[in-house]
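Peer 1: Fit chain B to the supplied structure of chain A, relying on the hints for placement.
Line by line, the protein sequences give chains A and B.
Mapped onto the working numbering, the consecutive letters of the first sequence carry residue numbers 1 to 150.
Mapped onto the working numbering, the consecutive letters of the second sequence carry residue numbers 1 to 151.
A few of these clues could be false.
One-sided excerpt, in silico: chain A residues whose CB lies under 8 angstroms from chain B [as the list claims (entries may be wrong)]:
(1) Leu-49
(2) Leu-73
(3) Ser-142
(4) Glu-144
(5) Arg-145
It is worth saying that the hints were derived from the structure and are not from the lab.
Since this is a predicted model, take the numbers as computed values, not measurements.
Even for Gly, the Cβ is constructed at its ideal location relative to N, Cα and C.
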Amino acid sequence: MSWDTTDFAILRALSADATMSAGALGRELGLSQPATWRRIKRLQDEGVLAGRRVDLDAEALGFGVAVFLGVKLATKGRVSLEDFERAVTAIPEVQTVQHVLGLYDYRLRVVARDLSDFERVLRRRIMTLPGVGDVEANVLLSEERLAGPL
Amino acid sequence: MLDDTDRRLLRYLQSDPTAPISELAERCAMQPATAARRLEKLGAKGILKGQHAVIDWSKLGFAVEVSLRFTLDKTAARAFDEFQDAARLIPEVIAIQTFLGRVDLRLSVVARDMAHYQSLYRNQILTLPHIAEVEALMHVATIKTTETLPI
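This is chain A alone, in the form it adopts within the complex (with noise of 0.2 angstroms):
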């Protein structure tokens, strides 16, 4: 598959508001509604739109804490990397997972209300997981998402 400028220029735009509809991104883009639609549609077809992600206050929604996890299992072998992913994944504070390759073997986002939230997610549900062994602490101050080479 081949992109353009156009296509980059309405992923950019897109990261940035996903709600835009096609008549307004085409305006601003010099391009028909039909002819934005369409471009828009192939890059969700091909799976390069892959979703929207919805930006709340965290906040003020009463998660004030994220953290980041690395993990280092105890113990290998594709069974317990399956029972430790799907062990992870139902964990409702467990945003990303990310298998690595590294320091350590998986990458975990958890968000928590505070701290004694994190020690009480830390110690319930990451430290009894299948075949967990190490695992590292990054508190995250500050986020910032970029337009990436487009």
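Peer 2: Just chain B now, with coordinates in the frame of chain A:
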């Protein structure tokens, strides 16, 4: 400041952001106009900050994604600011996070392939200011990414 109805609305919105407002309203057992008004209010209050498209970089030809974790030389007074300013200028950097912990800062970097990553790493990443230590985690797979809040 938020009632249960607002929370329910946000919970459904998070789980399916592209659903039309009529469907969202139906799930919350309210009129579409009421749902729209409540969402607008949540937006005005700054609780609903917006919606952003999620881009699958691998489908755009960026097959490699790496987490680079840095510790910075904190003896330099403006180490964080200068590092972040310089990192923002690298197009392949898609996220910058700062931390309290063993790691000071993390960059998410995408690259077309390992050769591209290597040249990025050598020419742009390692030349960033005030690096004391850097370690890389290569993404193999994303198992879960809801980024929803358990409200």
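Peer 1: Next step is simple, just say for each hint if it's right about the structure.
Peer 2: Going down the list of hints, with the structure as the test:
Annotation: Leu-49/A was flagged as interfacial toward chain B, and the flag holds, the nearest CB pair being 6 angstroms apart, inside 8 angstroms. With 8 angstroms as the threshold, the beta carbon of Leu-73/A stays out of range of chain B, its nearest partner Cβ sitting at about 13 angstroms, so the hint is violated. Satisfaction of the interface hint for Ser-142/A is found here, the shortest Cβ-Cβ separation to chain B being roughly 5 angstroms, below the 8 angstroms cut-off. Given the 8 angstroms rule on beta carbons, the hint for Glu-144/A holds: about 5 angstroms separates it from the nearest Cβ of chain B.
Checking Arg-145/A against chain B: minimum C-beta separation of about 5 angstroms stays under 8 angstroms; hint holds.
Hint 2 alone, counting from the list given before, is not met by this structure.
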